[in-house]
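Participant: Following the hints, position chain E against chain P.
Line by line, the protein sequences are chains P and E. Sequential numbering of the first sequence, starting at 1, is according to my numbering. Sequential numbering of the second sequence, starting at 1, is according to my numbering.
Note that these hints are calculated values from the structure, not bench results. Owing to the predicted nature of the structure, the values given are computational and were not obtained by experimental measurement. Keep in mind that a hint or two might mislead.
Just so you know, same-sequence chains aren't split out, so a pair can sit in one copy or run between any two.
Unchecked claim - DMTMM-like, lysine to aspartate or glutamate: derived pairs with alpha carbons at most 25 Å apart:
{"#": "1", "residue 1": "K110", "residue 2": "D83"}
{"#": "2", "residue 1": "K110", "residue 2": "D74"}
{"#": "3", "residue 1": "K110", "residue 2": "E325"}
{"#": "4", "residue 1": "K326", "residue 2": "E286"}
{"#": "5", "residue 1": "K364", "residue 2": "E309"}
{"#": "6", "residue 1": "K337", "residue 2": "E157"}
{"#": "7", "residue 1": "K110", "residue 2": "D134"}
{"#": "8", "residue 1": "K110", "residue 2": "E132"}
{"#": "9", "residue 1": "K326", "residue 2": "D169"}
{"#": "10", "residue 1": "K337", "residue 2": "D154"}
{"#": "11", "residue 1": "K110", "residue 2": "D77"}
2 protein chains.
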Amino acid sequence: MNILVLGGDGYLGWPTALYLSRRGHHVGVVDNFARRGYDLEMGVNSLVPIVTLQQRVRRWHDISDLTIDVFVGDLTDPVFVGDTLASFQPDAVVHFAEQRSAPYSMIDRKHAVYTQVNNVVGTLNLLYAVAEQDRDIHLVKLGTMGEYGTPNIDIEEGFIEITHRGRTDVLPYPKQPGSFYHLSKVHDSHNIMFACRIWGIRATDLNQGIVYGHETEETVLHPELATRFDYDGVFGTVLNRFCVQAVTGHPLTVYGSGGQTRGMLNILDTLACVELALENPAERGEFRVFNQYTESFSVAEMADLVAAEYVGNAVIDHSPDPRVEKEDHYYRAAHTKLLDLGLVPHLLTSSVIQSILAASDRFKTNVDVAAILPTVQWRSTASDLATAGTPSRHLADLGRQSVVPSP
Amino acid sequence: MNILVLGGDGYLGWPTALYLSRRGHHVGVVDNFARRGYDLEMGVNSLVPIVTLQQRVRRWHDISDLTIDVFVGDLTDPVFVGDTLASFQPDAVVHFAEQRSAPYSMIDRKHAVYTQVNNVVGTLNLLYAVAEQDRDIHLVKLGTMGEYGTPNIDIEEGFIEITHRGRTDVLPYPKQPGSFYHLSKVHDSHNIMFACRIWGIRATDLNQGIVYGHETEETVLHPELATRFDYDGVFGTVLNRFCVQAVTGHPLTVYGSGGQTRGMLNILDTLACVELALENPAERGEFRVFNQYTESFSVAEMADLVAAEYVGNAVIDHSPDPRVEKEDHYYRAAHTKLLDLGLVPHLLTSSVIQSILAASDRFKTNVDVAAILPTVQWRSTASDLATAGTPSRHLADLGRQSVVPSP
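So that you can see chain P by itself, here it is in the shape it has in the complex (with noise of 0.2 Å):
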């Protein structure tokens, strides 16, 4: 299959582009670089280096043989977009290319435009691309199990059987997302949900929920293979983070009560389920939810865990949530098409969380630690983190270096 993997130099694309490129596809990856710009605004890194797109490339072909095509440009350019499709002719694409973080949706106002216009707009090009090019090309979009938010009763697939008033209809599985980035695959849901029923186009919608560990049998190939591995306050994951703060002696720190329960999976599974969505893909006009998650946890359980596996003394300290969210409340979602499909779970066993101890503890002089705590509150409208045009306050108020002189 050709393959087209957009966004595929960031933490889940790179690995994506790798496995399938290994199982013989032709892989083509899509990315504007705005992961790594993200780090230079906000004055962080992956703790785990990671080289360029081009020299990754080069070292995948020197150990593979393989060869995976580069294209670099924008999703929001819709004449990137149509000539990337020209040029490639994908039998598929997947489309990791949005931006992912809800902490930096919620920076200021700026930061909140930007994730909707950059995620929306992105996805709207793309499915005018497939709509005047080719309606056969199977889009696997990356959403997120935060579209649902926390009901009160089961979250189901993407739809829901509602009976009312004595009448019975299948609808989409009413919304309730947590900050202006999962608002933004809100968005994106409808208007791919819209395209499927006007154009015929095939989509799979792919819930994600939380994913952990950066390892895959592609990237420990070498070390030029790696992938990203965030653990900072407005990238990074509650797992990863909890890891660092174990290595460097801090506490782990839960938001509020530690009561929030998510959907989680490793990231081996993110390969598998986008592979088993490629492989029997969506109809001829099919709008498809799988909800891609395979055990779910609460924040303190998973605090818990990281504390229970860490050899040393790990503490758990519990910090006002920045968020507005549930800090206790139902859960359950249901998760059975991907496994149906034939998905064989990694699960979070000890030895898994122990490859992520070691990971933070062998790149533990590449920790800052001030970058950690959370700086954007879902209450107010600007955080200290704004960066347009001023200098940047937070990081002299977090006590690290300042990078932008005083005026």
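Facilitator: Just chain E now, kept in the frame of chain P:
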């Protein structure tokens, strides 16, 4: 009350501004004249002549001795939004300022992206300005009944109680919008609901049906106080279009079977509903949805009504539906909340249709017949109306005067 009417130069914004001004409120009008720009782009015009906003406001002052403040600018400019709110200090903001034509949003990619970015970003900027300056400001936002689509169960007002696998919750009503325009309103609704939750803003989302009529107690006081009357295939609404077709001796064109059923309301009820919402504001943090329509009709029923009222011979013609929508479907939508607040509907009586026919007849020399027929096809990605830097081929196709010289 200090009331800011966004989009106050438009079809409904202008009569709303007059109505609220006459009732003793201090009214400010915000507009970027985008609506007049669409006329220029499409080469069409309001059937009823309208004067400039500045002249309208002067005429209103001459007649009533009342002053309406004018702010010319664009909601996608956050500095303008912030400055305007800071200067006017509104108690409430009535937000009509969005691109509101489904066919316009479906012309091509450019128009779809414009519609979503314009509507979503304008509303995001407004939400941030309210959150930053005064969270007591009541946001009265125009949504649309079209957000719901045509589910096979009763439509409720914004939220629905769902019992599922033995548990019950009240959740946002599932949305199945039918154009990139309608989708933009769904995106807005989700964004506003979230802003109410995190910032404690008060918001009323008026999911309005299709409005008919163009005369109000205020607009009839002088020809220069008139509001727009649109009958063209892109911005005209169905009842206006049928009346114009009747008086010009053309068949009333029903799309498909005409079984498409929609909620409708008189322009006088739009004013009354907005006033009721303003007088009974949402609570702090409340996202409240009212379904704002009074009666529902199928398109075929509306054609029959107009044909029956017209003194001459009106022929009804069925043409293929340019949209992707169900032509025969269940439709029952709750709309009791505004009635409970005291709305006394102006129904679609014989005399109302006669008054629209009379206006159509009075200005029938202004009618551009070629502008009436549908030119935008939902199933195609680019209509003949696409205007970006290319000669307007559709004008020639339709036998109208070409406004762009051939290369």
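Participant: None of the hints should be skipped; say for each whether it holds.
Facilitator: Evaluation of the provided hints:
no. : hint        : result
1   : K110 - D83  : between (29 Å within a copy, 16 Å between copies)
2   : K110 - D74  : both (19 Å within a copy, 16 Å between copies)
3   : K110 - E325 : within (23 Å within a copy, 36 Å between copies)
4   : K326 - E286 : between (34 Å within a copy, 17 Å between copies)
5   : K364 - E309 : within (17 Å within a copy, 81 Å between copies)
6   : K337 - E157 : within (8 Å within a copy, 32 Å between copies)
7   : K110 - D134 : between (35 Å within a copy, 19 Å between copies)
8   : K110 - E132 : between (32 Å within a copy, 14 Å between copies)
9   : K326 - D169 : between (29 Å within a copy, 15 Å between copies)
10  : K337 - D154 : within (15 Å within a copy, 29 Å between copies)
11  : K110 - D77  : both (20 Å within a copy, 11 Å between copies)
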